[in-house]
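Novice: Let's have the full structure, built from the sequences with the hints guiding it.
Those protein sequence lines, which keep their order, are chains A and B. Counting in my numbering, the first sequence runs from 1 upward without gaps. Counting in my numbering, the second sequence runs from 1 upward without gaps.
Hint data in this document are derived by calculation from the structure and do not stem from the laboratory. Be aware that a few hints might be false.
Residues from chain B shown here face chain A by an in silico Cβ test under 8 Å; the list is partial [what the hints assert, rightly or not]:
| hint | residue |
| --- | --- |
| 1 | K10 |
| 2 | T11 |
| 3 | L14 |
| 4 | M17 |
| 5 | P21 |
| 6 | Y25 |
| 7 | A28 |
| 8 | T33 |
| 9 | N37 |
| 10 | L40 |
| 11 | M43 |
| 12 | V50 |
| 13 | L51 |
| 14 | G54 |
Backbone N, C-alpha and C fix where the C-beta goes; we use that ideal spot for every residue, glycine too.
So you can see what is in the structure, the chains are spelled out below.
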Amino acid sequence: MIDLFIVKWILAFSPILTVLILMIFRNWSGSRAGAAGWFVSLIAAILVFGAHPTLLAYSQMKGVLLALNVLYIIWAALLLYHVVNETGAIKEIGIGIQRFSGDKAIQLLIFGWIFASFLQGVAGYGVPIAVVAPLLVGLGFSPVVAVAVPAIGHSWSVTFGSMGASFQALMAVSGLESSYLAPWSATLLGITTFLCGIFAVHVYGGWKMVKHSLPAILIIGTAMAATQYLLAVFGMWTLGGLGASLVGLCCGLAVAKLKMYNQTQSLDTQSEMGIWWALSGYFILIIVVSSGVMIPAVKSWLGQVNLTVSFPEIVSLEGWVTKAGNGKSINVFGHGGALLLYASILSYYLYRGKGFYKPDTLKRIVANTIKNGVPTSLGIVSMICFAMIMDHCQMIFILAEGINRIFGTIYPLFSPWVGLLGAFMTGSNTNSNVVFGVLQQETAEMAGISVALILAAQTTGGALGSMIAPAKILVGCSTVGLSGQEGPVLKATLRYGLIITSIVGIIALLASLIV
Amino acid sequence: MFRGFKMTLKTILLVLMLVIPFFLYAAAAYGSTFQTNLLLILMIGNMLVVLKKG
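Specialist: See the structure below:
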């Protein structure tokens, strides 16, 4: 006689399994796979878990409110990236960095670790690997190394990169504040910073090169990890990835001048706009976000308009109760996305005033933003909406209870692997947090483990999934002529991804014994 | 031209995906079963198109 709980557990897992199978084995896009997951959750919810029209209506509205919080940041981040990129600034920043050192280890660290993380901080979506890989090939590295290094090097910055979109998603689905989630998330990701730097160098030159670059890794890693931690903990998590990598860049350029690494390199490439103008858009961003978050008068003035929707108590036909309360509110003018939007507009007018744009640039900026934003948004909205159906029908609770029955108090060891799995399958830390965030939260609550620690492990694992996500590896390989030959790259990044995730799992388990 | 049409369609699908739940909420809040069911059918139809063309 099959235990009814096991059957219910399998049915509760079926929407997630559907998404994973379709994306891995059928190569479906996130939007199509998300829609498929939505249908499976709808059918299971209606037939088995007691969903009814009113429950579905309220759950979808809650899902959209959560999704809008995430999309606001994603779209504004994309807009800012295209505003800056249309000036050629990204390429300019690369040229500026190249002038500083001819030491191979330092070049790898500056481009593959720091600059890749900077690009993750401002854009995300495979941009770090796609931009940095050709730059490394230009410096004389093999194509496999050129793709593997930024894939490994940028992973630590994914959660607080893309203006904190993945972290925002984690807050949105868990309903928890940044002040609660940030400390542990930034701690685990801070440890990962060093590991990513070490293995980014190891993939090229083995332990000998790691030994040579260890002082640089320790100095730069400490600066970046500490900056990310402080920014995240003091409420400026949207700047976590960007701020940390900018500080890392300054440290890296200073370290390049140390006697042991000081080998200058002359370049044929001419600089057109200068590195400081190239970075000016991001300086504006830092000023705008800092003002919006840290100056009380500005924060309170911007926070006057809030979109808030209240929901009644919702009871499924099986008796599962979702308590009454407000859905995720949106601070229309003070949201992280709004601050990004202001920075984008100011940067646009600055660059236009300086004559850095060609004709019809605005049209291209808008078109490219929409082209990048729409497919991603379809996937995110459908996945969040099906996660809400699951949440309102006890499906997430059942999954968590099943996991708790098997793993109990050693669950922290496995929690980053859940995040890694989600990101590997969906290609996105954000999607991984959306799909597995609530599950991890409920499992932690059931096992009596710190929710902040488990969600930190979830998002860290999700960030590390970026280095092995097939979608991102494919993009990187296509930029250096390795299309169809992704195997060696994935083999390299998979090895390091599994090692780092194991270390994070052990740290999470040890921490759970103390916290 | 075909790529432009595909992007326009995806944009419309996204807008519908974001807007329909607001009407669903209003219908459910006012206790209108018929309208709730109708809008759910519309949302299902929208998702079907995303499944096919997304």
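Novice: Against which earlier hints does the structure fall short, listed by number upward?
Specialist: none
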